[in-house]
Amino acid sequence: MRSRFTIVFLKELREMLRERRMLGFLLIASLMYPLLIGFIMHQMIEKNTRTEREGIELTVIGGARAPTLMSQLRERSVTVTESAQMDEAAIGELLHSKKAVAVLRLSDAFVDNYQAMRPARLELWFDSSTESNTQRRDLEEILQAYSNNIASARLLAHGVSPAALSPIQVQRYDTGTNASRSAMVIGGIIGILFLPAFFLNMSAAVDCTAGERERRSLEVLMAQPATTWELVGGKWLAASVPSVFGVTLVLVLAHAILRWLPLEEIGLSWNMGWGELLLVCLVTVPLSLLSSALFVALAMNARTFKEAQTTASFVTIVPLIPGFAVSFLELKTAQWMYLVPMLSNQTLIKELAKTGDIGVLPFVLTFLCSLIPALLLVAFASWRMKSEKYVLAV
Amino acid sequence: MIEVHDVRKQFGAVQALGGVSFTARDGQITALLGPNGAGKTTLLRTLVGLLKRDHGSILVGGVDPEKDPMAVRRNIGFLTDQFGLYERLTTREYLNYFGELNGMERAALRLRIAEVAELLGMDDILERTTKGFSQGQRIKVALARTLLHRPRHLLLDEPSRGLDVMSTRALRTALAALREDGCCVIMATHVMQEVVHLCEDVIVIANGHTVAQGSPEELCRRTGIADLEDAFVSLVGTEEGIA
Numbered sequence: 001m002r003s004r005f006t007i008v009f010l011k012e013l014r015e016m017l018r019e020r021r022m023l024g025f026l027l028i029a030s031l032m033y034p035l036l037i038g039f040i041m042h043q044m045i046e047k048n049t050r051t052e053r054e055g056i057e058l059t060v061i062g063g064a065r066a067p068t069l070m071s072q073l074r075e076r077s078v079t080v081t082e083s084a085q086m087d088e089a090a091i092g093e094l095l096h097s098k099k100a101v102a103v104l105r106l107s108d109a110f111v112d113n114y115q116a117m118r119p120a121r122l123e124l125w126f127d128s129s130t131e132s133n134t135q136r137r138d139l140e141e142i143l144q145a146y147s148n149n150i151a152s153a154r155l156l157a158h159g160v161s162p163a164a165l166s167p168i169q170v171q172r173y174d175t176g177t178n179a180s181r182s183a184m185v186i187g188g189i190i191g192i193l194f195l196p197a198f199f200l201n202m203s204a205a206v207d208c209t210a211g212e213r214e215r216r217s218l219e220v221l222m223a224q225p226a227t228t229w230e231l232v233g234g235k236w237l238a239a240s241v242p243s244v245f246g247v248t249l250v251l252v253l254a255h256a257i258l259r260w261l262p263l264e265e266i267g268l269s270w271n272m273g274w275g276e277l278l279l280v281c282l283v284t285v286p287l288s289l290l291s292s293a294l295f296v297a298l299a300m301n302a303r304t305f306k307e308a309q310t311t312a313s314f315v316t317i318v319p320l321i322p323g324f325a326v327s328f329l330e331l332k333t334a335q336w337m338y339l340v341p342m343l344s345n346q347t348l349i350k351e352l353a354k355t356g357d358i359g360v361l362p363f364v365l366t367f368l369c370s371l372i373p374a375l376l377l378v379a380f381a382s383w384r385m386k387s388e389k390y391v392l393a394v
Numbered sequence: 395m396i397e398v399h400d401v402r403k404q405f406g407a408v409q410a411l412g413g414v415s416f417t418a419r420d421g422q423i424t425a426l427l428g429p430n431g432a433g434k435t436t437l438l439r440t441l442v443g444l445l446k447r448d449h450g451s452i453l454v455g456g457v458d459p460e461k462d463p464m465a466v467r468r469n470i471g472f473l474t475d476q477f478g479l480y481e482r483l484t485t486r487e488y489l490n491y492f493g494e495l496n497g498m499e500r501a502a503l504r505l506r507i508a509e510v511a512e513l514l515g516m517d518d519i520l521e522r523t524t525k526g527f528s529q530g531q532r533i534k535v536a537l538a539r540t541l542l543h544r545p546r547h548l549l550l551d552e553p554s555r556g557l558d559v560m561s562t563r564a565l566r567t568a569l570a571a572l573r574e575d576g577c578c579v580i581m582a583t584h585v586m587q588e589v590v591h592l593c594e595d596v597i598v599i600a601n602g603h604t605v606a607q608g609s610p611e612e613l614c615r616r617t618g619i620a621d622l623e624d625a626f627v628s629l630v631g632t633e634e635g636i637a
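Top line first, the protein sequences correspond to chains A and B.
Sequential numbering of the first sequence, starting at 1, is according to the numbering used here.
Sequential numbering of the second sequence, starting at 395, is according to the numbering used here.
The shape of chain B in the complex, shown without the other chains:
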């Protein structure tokens, strides 16, 4: 469970987060919707303790990332907007590295890599160096890295970008499996269809504020608009959000 209450963050004169509150529950996939520049990246970075908040409280699985960032990170799978691959290493070496950094034993790691590779359908690229990988292959490797240490919490920044239909399906299966396991998944995305298909809960942020939280149906009901995309635009509040 991730609980965020009235988190604010200021960089110089710029108010990046002006009061974000939400609760992302275990066993649910929570969509994080917001126009570009709404503060999603800052929020995610604050959740893993890379940035310190100015105000408010954050609990990730009951732990404050500011007080014990290491404990929080051990329990988080973080997929950033950058994949962070090492071109000179093979996929397996890459996964070994991050697995070991997360305290996994070699033997357990070998089993887990096989598991994750099957889940994401990436057996064929395990022994290749990641140089020259396609966008889809890259994101698979990065996703595998996020899932590797069986984190209870997943922060995924646009995990489906650049994936073909087959890979998107594989991703959906993976996310559903995580939900079954009772993980708490927060997924930033711009694809409304995905939200409708996958997510139980939606957080809408704009301009560093939480504008709304609820299931897709609730959001539609609240705005009185049947289409989630239109409801989102109406919630974000006009042109400034669309721009």
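The following block holds chain A by itself, in its conformation from the complex:
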């Protein structure tokens, strides 16, 4: 004979699977996330590597008037495309189509002014709403350097040292690399991977407790020869199933996507093998158990399904707080982080992605820090269901 615990579990699972539409929706909602991550990361890599691959596209009108400038631009890996005269609208269209980063227009009077040593006007057309601002700055720097060179030559010709024009010299050092910028991005992305553990099981947990109470079938169930632990335990495990399933699926999918993306292009790493991922999935199971226990303990005290759902949705936000706090305060990874449910899972996968080898302890801590409170919550819920106060309110 099957244990009553199993009987309750199987019945709740069967009832849950009858709600096909809801399950389908939840599944799609959770699968959207890794796909979205994949897409965003892909775009990020694209953007970061575009300059190196393609160089700067520049369209020049009347380039023949300044051959030295043209050759200097080409030296600095700018792809110069000569073009016939264009009006304002045509230039705007060209920039909008992103075929060129900017358009350089030399007026007819350029040569005359240049030779007469009057400021010779160059027009630089660009579209500041596009993402090519860095490339535009590079262009401006080249133009500035060209201008400085000519100024120096002219001063020398007059017997003045060009150094007189540069009383100070600024040398810039940017220590921010693509890697450090993207590390923050990926840290934030990974944090949300575990969120399905907190929303896939909510409706199931609320339905089998507050819902059952609202439909007035709980009293009959409680009058059966089964202990409250068997009832609560069965419901708890059944509610955890969609969460465990969903989180595992999301992690596997995200892993596949992140492995496939050329992350090293933007200085990131995903040093995880499938074996390690399997371990992560395993130690994440208690996280789903914890969230289900939390929802069951909360929802069984609610009078209606709606009330329970409201409280539960609020609770869904709570597990995200430690993760946000840590990234906001820029805390370094420390041992205590493996003692906070959810944060421990986030830290675990972040460290694994970075270094690949972190030892056994973080896994064990992550596993236990969710499992122990989950069991305590279930024990509390069982104790609560046994109380007379609860029986009277059913």
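Accuracy of the hints is not assured; some may be wrong.
[To be verified] Facing chain A, a subset of chain B residues (Cβ under 8 Å, in silico):
| # | residue |
| --- | --- |
| 1 | Leu444 |
| 2 | Leu445 |
| 3 | Phe472 |
| 4 | Thr474 |
| 5 | Gln476 |
| 6 | Leu483 |
| 7 | Leu495 |
| 8 | Asn496 |
| 9 | Arg504 |
| 10 | Arg506 |
| 11 | Cys614 |
| 12 | Gly618 |
| 13 | Leu622 |
Hints in this document: simulated from the structure, not taken from any laboratory.
From the three backbone atoms N, C-alpha and C, an ideal C-beta is built for every residue, glycine too.
Using the hints provided, position chain B relative to the given structure of chain A.
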């Protein structure tokens, strides 16, 4: 046999049961009469061990529900004022669930479901999900659940409400069969006709106290009133009971 002696139960300042004593014998159908709010639900809940009494003693088949609630519940069929159906399950799945919770084997369960379905005339709804069932169909399913594990004791809270004539007859046949089997049936009801037709014994409670116990004829004789309904009103004691 269900023996109850001077059971009291208090919720805060409210005395729900102030001293209930009776004996419901095997092979008899005992009616539990009492106005709304007399404490019937509290009494039934105390009998299955969902609530703990403050005072007195209860023996259900010789077992105290407070000491061994599981043993008592295995031997009780409890029909509450709520049917407790699961709308996403079929009648058969529903009955399987409660049968298994009561420790029945799959094979035995299949036979027993067929038996109970025939007894209550509900073969046509066995494979349907209970969503959209009529009041009569609902109570049949709930009754089937109560009878399923062949409990020796049955606590039925208004089992005939909402039943049409045919179903009421089916219910009566079922109850008579249970009596033949030597079960101890306690039935809370408001229908005097049913009491006269079915019950050997009547317990009248009002305000959480047992007011009288005896056969319908005895109660009529004791009050000197020929009609059981009038006798009941007189026993409960005036307006407060009727209200």
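So, going through the hints one by one against the coordinates:
1. Leu444: holds, 5 Å
2. Leu445: This interface hint holds because 6 Å falls under the 8 Å limit.
3. Phe472: Hint holds; phenylalanine 472(B) Cβ to chain A Cβ min 5 Å, cut 8 Å.
4. Thr474: holds, 5 Å
5. Gln476: holds, 4 Å
6. Leu483: holds, 6 Å
7. Leu495: Interface hint status for leucine 495(B): holds (5 Å vs cutoff 8 Å).
8. Asn496: With Cβ-Cβ at 6 Å, under 8 Å, it holds.
9. Arg504: violated, 15 Å
10. Arg506: Hint on arginine 506(B): violated, closest Cβ of chain A at ~15 Å, above 8 Å.
11. Cys614: violated, 34 Å
12. Gly618: Interface hint status for glycine 618(B): violated (40 Å vs cutoff 8 Å).
13. Leu622: Not OK, violated: leucine 622(B) not within 8 Å of chain A, min 30 Å.
Going through the hint list in order, the structure does not satisfy hints 9, 10, 11, 12 and 13.
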